[in-house]
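Visitor: Start from the sequences and build out the full structure, keeping to the hints where you can.
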Amino acid sequence: MRLDDHWYDAAPAASSPAVPPQAPHPSPASQPSAVPPQHPPVPPSPHDAYLSVQRSAAFQQVRSRYRRFVLPAGAAFLLWYLAYVVCAVSAPGLMARPVAGVLNVAMVAGLAQFATTFLLTWLYARHARLRRDGIALELRWATQEMTRGTGAAAITVGRDAR
Amino acid sequence: MSGHHQTLTLLLFCAVVALTLAITSWAGGRRRRSAEEFYAGGRLFSPVENGFALTGDYLSAASFLGVCGLIALYGYDGMLYSVGFLVAWLVVLLLVAELVRNCGRFTLADVVAARVRERPVRLALGLASVTVSVLYLVAQMVGAGSLVTLLLGEAGGAAHTWTVLGVGALMVCYVTWGGMRATTWIQIVKTVLLLGGALTLTVLVLLRFGGDLGALLTAAARNSGHGTQFLAPGLRYGGEGWASRLDFVSLGLALVLGTAGLPHILARFFTVPTARAARRSVVWAVGLVGAFYLMTIVLGAGAAALVGTGTVRGASPSGNTAVPLLSVELGGGAGSVGGAGLAALVAAVAFATILAVVSGLTLAASAAVAHDVFAALTGPRRKTSPSPGRTAEAAGAAKPGKGRRGSEVTVARGAAVAIGAVAIGLSLPARDQNVAFLVGLAFAVAASANLPVLLYALFWRRFTTRGAVCAVYGGLLPAVALVVLSPVVSGTPRSFLPGLDFAYFPLENPGLVSIPLGFLAGWLGTVLSRERADPGRHAETEVRSLTGAGAV
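Sequence lines, in order, name chains A and Y.
Numbering follows our numbering, in which position 26 of the first sequence is assigned residue number 26; successive positions increment by one, without gaps.
If you want our numbering, it's the 1-based position in the second sequence plus 1000.
Bear in mind the hints are in silico, worked out from the structure with no lab data behind them.
Just so you know, these numbers come straight off a predicted model, no measurement behind them.
Careful, some of the hints might be misleading.
Stated by the list, open to error - Covered stretches of chain Y (in silico footprint by chain A; criterion: 3 or more residues with CB under 8 Å from a CB of chain A, positions within the stretch not fixed):
id, stretch
1, 1093-1099
2, 1251-1258
3, 1286-1294
4, 1530-1537
Idealized CB from N, CA, C, for every residue including glycine.
Guide: In structure tokens form, the structure reads like this:
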């Protein structure tokens, strides 16, 4: 169950930081000029394909973009929520201080929790859509082609057939 | 409550049951035997549909009636729950949803088993998932029993027993006949009903106060009997010394970290085709859940303002009747047609909520039994080192042919029946117990046993089999043991065993201790294991989780 060569050629070529040449097995096969790779060199395991993708610049970029957004944002909102809960149970006096009208510090903080949750959700979805989705999709096709060329082929086909 | 009101309520209950059974028979008519269909509903739901279904799985009757009641009774301290339940979705969105969709097939254990030795980890995670689901299930069913007795206005044990039996039978029917497809549509219908009901009541409350939220809060504070203290923290978690304060911090931590480990929530991500769709469904869920919890604040404050905290507490000490009482008041007062009609509608919405949540839980528990525990106990034994060609699909590839898959679905159906029987068996004797803590406990177990292993498997290069097994049991066992040693079980007049006193652990919720222990155990187990993590399988998990390569 091999896809058209269209994907095979276009996917790595389209992403500028595609799979680098030092990738062990798949890189000779991914040369656009090569004959249609009916019988690629038999690599020992599909893990080699994943390892070479993992080392590629494109994947490193996806991963670092993901982590650079998620880790600080996750730590920040967790701390902000814990600070809120700890303040609520340990400093009721501070939280009861009026701000404006019936609103006190506690109400403002609670509504701010709602607001920051919505804001962070929107920011994350936007970041993922604009900064990650494109490269990830190209990598997905490239990776699937590479694992199909290896011992994973049988498994992949079996899965498609189910 | 009047006889008219009761008849109307019963009629609406029957309508809810008929509607859900109709959905089940429609969905059950499709390809029944495939595991893809039973566990994942065919994987072709849209993000909007799945967003509604996630919301439906998440919002229990405890949220609708319980949280509103807590706000009506304790003001700001009730609102702390609303915040925690919503913020939890950020963990799901940022760290879990997309990666789990990309790496898994049907359950949480699929994601972890791709990196480590399969059998022990599947067994451990299956047991933890069943524990979480059954705890949650018992809480919902006991709650359902008390709720229906309350809403029908009948005292005595018979109504409670029949409700528990009926709800148990219905949830088993939905799951065994309809699988994930029926469960998902039931969730969607329930979410529409629940949000519609909450929105109607919210608009009616706001109309009473001319749209002025300040006037609403002022009136709530005045009629609560607590004055401005009502709008500040401290009424519930302030007075009783450090234990009750720490207890709330513990619960808050469990809520926020536990959601991302709930098996019935994670199973939802496999019903959409891609990680993008999983992300978009969580975005929908955040919007819907957030809107709902904002409305609970208005409804709770409205109940305090219009009904009065004293009346609410008089009707039910836990505050569960705040919303029904509020709806009677909004419909025109006790004895009026409008009041009875609105109260009956609210009761029907609550009933639909219970049915939907228990069906989602039953499905998740049956998947954990059949796909994880049963598969681990009966599957072929394998060596430690991953042989070439083994991927996350090893489980599927190792069980050749459709016959095996078909038999797994049969096992899952049987497991659903067994889970239903266990849940009924545990819920009937717990009738007079205060089981509200069980929801918090389910979240705590999910956060201690399921979340650490999931995060380690997705993000830690050196994670090993022993680390995974240690992380699961190292979170599960302390969580359960600490509850046994807590005031919930013994030592106070409200405990399960009021005559005994072995309450050595002061908190009712174990999360504050057991969640760090789960993470610590996973780290220790990994550091101390002789086996080295396989870089190839780590690469596979990492590449697949972030790109979606090879996702089913």
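Visitor: What hints, given by number in increasing order, does this structure fail?
Guide: none
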